[in-house]
Amino acid sequence: GDSVTQMEGPVTLSEEAFLTINCTYTATGYPSLFWYVQYPGEGLQLLLKATKADDKGSNKGFEATYRKETTSFHLEKGSVQVSDSAVYFCALRTGGGNKLTFGTGTQLKVEL
Amino acid sequence: ETGVTQTPRHLVMGMTNKKSLKCEQHLGHNAMYWYKQSAKKPLELMFVYNFKEQTENNSVPSRFSPECPNSSHLFLHLHTLQPEDSALYLCASSPPTEANYGYTFGSGTRLTVV
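Those protein sequence lines, which keep their order, are chains V and D. Counting in my numbering, the first sequence runs from 1 upward without gaps. Counting in my numbering, the second sequence runs from 1001 upward without gaps.
Bound conformation, chain D alone:
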């Protein structure tokens, strides 16, 4: 247990479905992140939130919609996904702007789009 909890661990969804990924941390961190990890590709930073405000969106398609209601929770809402969106989605948190600290990652949600 890392302190960052992601649910569900596995998700299979059709291209017309709507689903949400959840991430929760109680480490007192104020920055939260969504990453996408696809086979044989580098980690892709998708979104960054600082103190609940989105500070970075790395040209992510609108079919991915993040939500950060408070500093402890982060969601990724999914709709009308494509098969190429199948990947491991990782959530992470950190103290913001503290270079001495890395990120704490969750175990990820393995998403399969059929």
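Pulled out of the complex, with its shape left as it was, chain V reads as follows:
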């Protein structure tokens, strides 16, 4: 079945540091890939997505590129801010079904 593997957290960075959160996947079909963000006390918000190989999703300074050859969708940001502190979830969805398969989430803490 489909699965998503994310790096363990928490990830603690200083403000303005470079961020990478790794995400790899296994899928039986040809999935679309997503990153969601959850701020404290809130639900999940879609951060970015990519629907085919080599697509780059981007939003709010975050980027992720759909790499079919390595089955990866790593999240990056060049300069993090304290306000980026949240939990980040990688997810995939294949056509023909409802299911959105999530990773376990990676907590990011950004300190001054």
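These aren't lab readings, by the way, just hints derived from the structure by calculation. Glycine included, C-beta positions come from ideal geometry on N, C-alpha and C. Wrong hints could be hidden among the right ones.
DSS-like, lysine-lysine: derived pairs with alpha carbons at most 30 Å apart [as the list claims (entries may be wrong)]:
1) V:Lys109 <-> V:Lys56
2) V:Lys109 <-> V:Lys77
3) V:Lys68 <-> V:Lys99
4) D:Lys1022 <-> V:Lys99
5) V:Lys68 <-> D:Lys1041
6) V:Lys99 <-> D:Lys1041
Computed list of chain D residues with no C-beta within reach of chain V, every gap over 12 Å [unchecked claim]:
7) Lys1019
8) Gly1028
9) Val1048
10) Pro1069
11) Glu1084
12) Ser1094
13) Val1113
Since the structure of chain V is already known, use the hints to place chain D on it.
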């Protein structure tokens, strides 16, 4: 505001109480979902509804009873809960079977069972 509204935001209930969580969306989506999010655990998909019909129940105890009267509304009826049921309950919606679309989530109901 995401387009999916959950009420109440916070709920404290005793183990013998009966309460309901409500979820509403006017995004034109036809699939709706209930998730449970507990501390230090992965997201747990509880129920899936497509066009008002339940299509998935992931071995959820019968003390949780979902209801989907139409494609815009979803309820989760709670009765005789246990303290371990305390969690954040998230509702989501999506166009069904469209892989290019993710889910739109509500802000959740923080449930505490005492």
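Results for each hint:
| no. | hint | verdict |
| --- | --- | --- |
| 1 | V:Lys109 <-> V:Lys56 | holds (25 Å) |
| 2 | V:Lys109 <-> V:Lys77 | holds (14 Å) |
| 3 | V:Lys68 <-> V:Lys99 | holds (20 Å) |
| 4 | D:Lys1022 <-> V:Lys99 | holds (22 Å) |
| 5 | V:Lys68 <-> D:Lys1041 | holds (28 Å) |
| 6 | V:Lys99 <-> D:Lys1041 | holds (19 Å) |
| 7 | Lys1019 | holds (19 Å) |
| 8 | Gly1028 | holds (16 Å) |
| 9 | Val1048 | violated (6 Å) |
| 10 | Pro1069 | holds (19 Å) |
| 11 | Glu1084 | holds (19 Å) |
| 12 | Ser1094 | violated (7 Å) |
| 13 | Val1113 | holds (19 Å) |
Hints 9 and 12, counting from the list given before, are not met by this structure.
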